[in-house]
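Protein chains: 2
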Amino acid sequence: MIVDELYEKVRQRSPLCVGLDLRTGYIPTEFQNFSIEDGLFETAKMIVDATIQNAACYKVQIACYEALGLEGLRAYAKILKYLRDNDEIVIADIKRGDIASTAEEYAKGHFSGDFEADMATLNPYMGVDAISPYFPYFKDKNKGAFVLVKTSNPSSDDFEEIEDKNGKPLYISVLEAIKNWGEDFLGNSGYSAIGAVVGVNHLKQIIHIREVADGRVFLLVPGFGAQGAKAEDIAQLIGQEQGGVVNVSRGIIAAHVGKEGSAKDIIKAKADAMAKELTDAIGKL
Amino acid sequence: MIVDELYEKVRQRSPLCVGLDLRTGYIPTEFQNFSIEDGLFETAKMIVDATIQNAACYKVQIACYEALGLEGLRAYAKILKYLRDNDEIVIADIKRGDIASTAEEYAKGHFSGDFEADMATLNPYMGVDAISPYFPYFKDKNKGAFVLVKTSNPSSDDFEEIEDKNGKPLYISVLEAIKNWGEDFLGNSGYSAIGAVVGVNHLKQIIHIREVADGRVFLLVPGFGAQGAKAEDIAQLIGQEQGGVVNVSRGIIAAHVGKEGSAKDIIKAKADAMAKELTDAIGKL
Chain A
5 MIVDELYEKV RQRSPLCVGL DLRTGYIPTE FQNFSIEDGL FETAKMIVDA TIQNAACYKV
65 QIACYEALGL EGLRAYAKIL KYLRDNDEIV IADIKRGDIA STAEEYAKGH FSGDFEADMA
125 TLNPYMGVDA ISPYFPYFKD KNKGAFVLVK TSNPSSDDFE EIEDKNGKPL YISVLEAIKN
185 WGEDFLGNSG YSAIGAVVGV NHLKQIIHIR EVADGRVFLL VPGFGAQGAK AEDIAQLIGQ
245 EQGGVVNVSR GIIAAHVGKE GSAKDIIKAK ADAMAKELTD AIGKL
Chain B
5 MIVDELYEKV RQRSPLCVGL DLRTGYIPTE FQNFSIEDGL FETAKMIVDA TIQNAACYKV
65 QIACYEALGL EGLRAYAKIL KYLRDNDEIV IADIKRGDIA STAEEYAKGH FSGDFEADMA
125 TLNPYMGVDA ISPYFPYFKD KNKGAFVLVK TSNPSSDDFE EIEDKNGKPL YISVLEAIKN
185 WGEDFLGNSG YSAIGAVVGV NHLKQIIHIR EVADGRVFLL VPGFGAQGAK AEDIAQLIGQ
245 EQGGVVNVSR GIIAAHVGKE GSAKDIIKAK ADAMAKELTD AIGKL
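Protein chains in written order, with our numbering: chain A, 5 to 289; chain B, 5 to 289.
Honestly, the hints are just simulated from the structure, not real lab data.
This one's a predicted model, so the numbers in the text were calculated from it and none came from an experiment.
Every residue, glycine too, gets a C-beta built ideally from N, C-alpha and C.
Incorrect hints may appear among the rest.
Quick partial rundown of chain A residues pointing at chain B, CB under 8 Å, derived from the structure [claimed, not checked]:
1) L77
2) R78
3) G101
4) I103
5) K112
6) V132
7) T155
8) S159
9) D162
10) I166
11) K169
12) L174
13) S177
Simulated restraints on C-beta separations [what the hints assert, rightly or not]:
14) B:F38 / A:P158: 45 to 53 Å
15) A:H206 / B:E215: 32 to 40 Å
16) B:A277 / A:Q36: 52 to 60 Å
Whole structure, please, built from the sequences with the hints as guidance.
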């Protein structure tokens, strides 16, 4: 199970997930004469090289590449291939969600072919139909998913926190469903192939989420760094057993922008510091 | 406002939206020697030619093209360009939803460049942050959106129908939000640039949705044909004023599969019949 491989990588390296949400403005001087496709690809390779000692996995935000049309998606395909060829775990941050016959197409598109990744983020709004077409890939092709539960953006309370008649917020209903769906895909680590995207907000929510996830649902935690989540709160969320990975995008991959000196050295120093900050916070639990 | 143009097209032609969710299995014999890219593009052109008298607009399901990797997306880009060059209204069925900085990238990707469409479908799970980055394009570039409200798939009740403390289902909370967001983007038709995706389920839901939408929220109704929604129910939903478009994908674009004779003639006959069925049902209201 891919979740077991990810669990091991966290133990070998750190819970850091590096988000390759590359913008053209992040391409360092040495690659600025390249085509956009090659500039993005070379920048990604440099970042991987600088962070590989700390990164349990890499999350690639497809939107940044879709924004650049076909050329952007050629770079996206190359970056995914490079990571997989080097045995790094790749999470395609696609947040797709659609009816079953359409979700089958997305599953094919992101778990095989040009855009093949190891795991993908998914949107649960439409219910289990939007998620189950990925299930056959979990066992047959060693794939996994992270489903949106509680996101880290300011308006995540618009709908995710609406409480039902019994006071249960929507995101907890989604998390419970994820836990049930995952029963058929449990790895040796105890975690299932269906994880959850959980932003850090209030301590009360962290405790509730940990209770429901219950050592079964592996977490993908966004928001560390640029979005303002603190290492102490994240440590509470993933716990001493480190049942999750913590994504940092801009905080690492744009650390060199506007600064003198080697982009790779600056990025490496930042990844080292953020991984240490997380590991220290977990050590203090 | 694009919604006014769409409103006019419905009056000139019919409320039919033809869904170009092309699979390679739908490519007719005459294009089967072509590359996948050209086969899909020629098939799309043939379908547009066969349906243009009836189709108010075309919805292109990007998942079918993403499934085929870079080649599929080259076909997707060509199909969108062909439709826009011929002044047909194109809805990119992308159902994207992400934090604001990412949604900005998606908005750029689907409202400009290789994948430029006139309107896009969006997922509201993460709240207004996932939708508002598209707003600047509504006024400046004559774009619009359809946000998922109540979908047509079997598991749409998993989360969309969860009722809050006052008995209000989630999808109605989303629809109310859409109506509010749309206040700043009202067209001459009375409808706003932010429409809603609404599947037809039970009569009680149809009445509730019409009450809330209140002549402001233009509807995109999936499920007619292959997914089983009836023309009579759809007529109730969009009403005599025809405040919506009705998508048919497989029911039209795969009508020729496994049949003898001209694919174009078969598809044209099917589009004629389905447009008439809708128009007749609306006439009987």
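We went through each hint and held it up to the structure:
1. L77: holds, 6 Å
2. R78: holds, 6 Å
3. G101: This interface hint holds because 6 Å falls under the 8 Å limit.
4. I103: holds, 4 Å
5. K112: holds, 4 Å
6. V132: holds, 5 Å
7. T155: holds, 5 Å
8. S159: holds, 3 Å
9. D162: holds, 3 Å
10. I166: With Cβ-Cβ at 5 Å, under 8 Å, it holds.
11. K169: Since the shortest Cβ distance to chain B is 6 Å, the answer is holds.
12. L174: holds, 6 Å
13. S177: Check passed: Cβ of S177 (chain A) comes within 6 Å of chain B, closer than 8 Å.
14. B:F38 / A:P158: 45 to 53 Å: Holds: the Cβ-Cβ distance is about 48 Å, inside 45 to 53 Å.
15. A:H206 / B:E215: 32 to 40 Å: holds, 35 Å
16. B:A277 / A:Q36: 52 to 60 Å: holds, 57 Å
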